[in-house]
Amino acid sequence: MEALQEALGLVLDWQVLAVIVGASMFGLFIGAIPGLTATMATALLVPVTFFMDPLPAIGAIVSATAMAIVAGDIPGALLRIPGTPASAAYTDEAYLMGRQGRIGQALGVNLACSVIGGVIGVAILAFFAPLVAEFAIQFTSDEYFWLALLGLSCAVLVSGSDPLKGAISMLLGLLVSMVGMSSVSGQMRFIFGIPELLSGISILPVLIGLFAVAELLRRMPEIGRISLPTPPPVKKPFEGVGGMLWKYKGGMARSGILGTLIGALPGAGADIASWISYALARRLSRTPEKFGTGHPEGLVSASSANNAALSGAYIPALVFGIPGDTITAIIIGVLMMKGVTPGPDVFTTDAALVNAIFIVFLLANLLLLPLGLVAVRGARHILSVPSGVLYPLILLFCIVGAYAANNSMLDIWLMLGLGLLAYVMAENDFPIGPMILAVILGPIVEGNFLRSMIKANGDLLMLFERPIAATLGSLALLVWVAIIVSTLWSMRRASRKATPSQSG
Amino acid sequence: MRINDLILGLLMALLGAITVWASRDFPSLPRQDYGAGTFPTLIGALLIALGGVLSLRGWQRRGAMFAWQGDVALKHAMICVAAVVGAVVGYVLLTPILGFPIVSLVMLTALIGWLTGGRWRLALIVAFVATLLIWLTFAELLLVPLSLGILEEVIY
Chain L
1 MEALQEALGL VLDWQVLAVI VGASMFGLFI GAIPGLTATM ATALLVPVTF
51 FMDPLPAIGA IVSATAMAIV AGDIPGALLR IPGTPASAAY TDEAYLMGRQ
101 GRIGQALGVN LACSVIGGVI GVAILAFFAP LVAEFAIQFT SDEYFWLALL
151 GLSCAVLVSG SDPLKGAISM LLGLLVSMVG MSSVSGQMRF IFGIPELLSG
201 ISILPVLIGL FAVAELLRRM PEIGRISLPT PPPVKKPFEG VGGMLWKYKG
251 GMARSGILGT LIGALPGAGA DIASWISYAL ARRLSRTPEK FGTGHPEGLV
301 SASSANNAAL SGAYIPALVF GIPGDTITAI IIGVLMMKGV TPGPDVFTTD
351 AALVNAIFIV FLLANLLLLP LGLVAVRGAR HILSVPSGVL YPLILLFCIV
401 GAYAANNSML DIWLMLGLGL LAYVMAENDF PIGPMILAVI LGPIVEGNFL
451 RSMIKANGDL LMLFERPIAA TLGSLALLVW VAIIVSTLWS MRRASRKATP
501 SQSG
Chain X
1 MRINDLILGL LMALLGAITV WASRDFPSLP RQDYGAGTFP TLIGALLIAL
51 GGVLSLRGWQ RRGAMFAWQG DVALKHAMIC VAAVVGAVVG YVLLTPILGF
101 PIVSLVMLTA LIGWLTGGRW RLALIVAFVA TLLIWLTFAE LLLVPLSLGI
151 LEEVIY
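Residue numbers (UniProt numbering), protein chains in the order written: chain L, 1 to 504; chain X, 1 to 156.
The set of hints was computed from the structure by calculation and includes no laboratory data.
Nothing here was measured: the structure is a model prediction, and the numbers come from that model.
The beta carbon of each residue, even a glycine, is placed where N, CA and C say it ideally should be.
Pairwise CB distance ranges, derived in the manner of DEER restraints:
| # | chain 1 | residue 1 | chain 2 | residue 2 | range |
| --- | --- | --- | --- | --- | --- |
| 1 | L | Leu461 | X | Leu56 | 32 to 38 Å |
| 2 | L | Arg377 | X | Gly118 | 31 to 37 Å |
| 3 | L | Thr471 | X | Val89 | 47 to 53 Å |
| 4 | L | Val374 | X | Ile155 | 35 to 41 Å |
| 5 | L | Lys455 | X | Val89 | 45 to 51 Å |
| 6 | X | Arg24 | L | Leu460 | 20 to 26 Å |
| 7 | L | Thr287 | X | Val89 | 55 to 61 Å |
| 8 | X | Leu14 | L | Arg380 | 47 to 53 Å |
| 9 | X | Gly118 | L | Val385 | 16 to 22 Å |
| 10 | X | Ile150 | L | Phe192 | 29 to 35 Å |
| 11 | X | Leu14 | L | Ile484 | 20 to 26 Å |
| 12 | L | Ile484 | X | Gly117 | 49 to 55 Å |
| 13 | X | Leu124 | L | Ser490 | 50 to 56 Å |
When the alpha-carbon atoms are kept at most 20 Å apart in a straight line, the in silico DMTMM-like pairs for lysine to aspartate or glutamate are as follows:
| # | chain 1 | residue 1 | chain 2 | residue 2 |
| --- | --- | --- | --- | --- |
| 14 | L | Lys455 | L | Glu465 |
| 15 | L | Lys290 | L | Asp92 |
| 16 | L | Lys455 | X | Asp33 |
| 17 | X | Lys75 | L | Glu427 |
| 18 | L | Lys338 | L | Glu196 |
| 19 | L | Lys338 | L | Asp53 |
| 20 | L | Lys249 | L | Glu239 |
| 21 | X | Lys75 | L | Glu222 |
| 22 | L | Lys338 | L | Asp350 |
Chain L with its partners taken away, still in its complex shape (with noise of 0.2 Å):
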């Protein structure tokens, strides 16, 4: 009790309010603008959140993802462009309950769903994390090591159709992660005699060439190819909104669990989460044949699950210090950049911080209900901002962001290098969502080894000597089995594809 009582005066402090309230702004400015994702949104803002002490730092970014993620369902309703990848699985939905005359309807059911998602999201964090921190403080560094082992396999796994482009994206990762001093031997690696590089690659130019350069490299050239049409006005949100929530209450609770589960499996966020409780809520429904044709039922799922994804991703990340997708990636690399390492025992040693962010991602989650209905009335004008105006504005705030961090022109040159190669990747279809997580999980896989080799003198075999770490480990190597089946089957499949095309 004392401890909730200490964490509320954390948050009841008009600064950590104010930056809850500007951050959300900016995320639902950035969610509502199609093209721009929530992972950009939190790249942005990391360079303010250096400044911040971790509460508000948390803060900002917790709000400002929520809202993306609830503001990109706008243009999904509106013009059929989801705002964010998370709004795409019920995009069509969304749009043909608006041609039908029911877009308030449509708006006020994603809007309160992703409130009542989020809150089932944070229910279940508040309530699980401190457990499962309870039982990892007996965690040694063989189970660490197999815990960021098997988040970055799953990475690999979930991270699109082509598993080997995620282990080679992954790969680029863990080597950028490598530069600078070995944090176990003091060993200089790859540093090409510039001494700003024996500290590493700092994580802030690195979210911003991946996230933000990249994507505006992608972007640019549509600029002026596709313009958006006026969107319709949005009449009446919320009308009948209370009825269908209590009709598909079950499909609702089921997918903020559901969601929360999937978010807080390593690899797979609030995207994956919303297609597949969009999926489940068609194969449980009564009415199957109506989704589709703008039914309802889809969207209350979906949009419960892709809020709760994102408190859920929170769970390995506050009490392993392991990220789960590249949000809480994010959020890992500016706890580490404060010099807070998450793990269990910021749960023992800072409970007042962690009881802290609980209250600060429940805020977040209600400050949805009026922002967003704010978001809704102003979509129009959101919408009228010229791209050709935004993404050079975004470009100088990217510039002047890498800079900030360290005050150095080289952090600059490297999110430059490093937005062109997540440019060429993304083209070629390489996933960029492997590449962030194996740099935040490259020291963490490589210290933890080294550690455990120290103690078991060099004995690989100790790694698989703990219970825990043993079924870990079997885990992460199953998980590799699993993509190399699956590699192997793709050529397969694309070589008897090519065989006929060759005698034909």
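Got chain L sorted already, so can you dock chain X onto it with the hints?
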């Protein structure tokens, strides 16, 4: 810009080979087989292997070496890439001399004017306001030492 997996795979394998070569001298920990070189060598070796598989697969599929798909002309896309690279390089090289306000103002005006198809008045106004806001946020509020360049002499 789609590049054939054959080329990309070979590039990755080359990168892997360089990594393995560059980490050959990293010492291992005392009385250990493992050390600072273990992971870089492993990553390099995996890059060689996976790059090899990727290029093999690209060769199997026999596509064009370079291909451009999408409804935007290649030339236009390349101009955009060049504009971004030019802006960043220009910023890094010119800010220490001319100072942040001038570089930011010119860069934003030029890019916005170009991308909006010649709405220069809008470009100038947005550039001015944005430069001012970024200066106030980063230089004044967050105390990031953005360079004033030649403006330093004008102001002081």
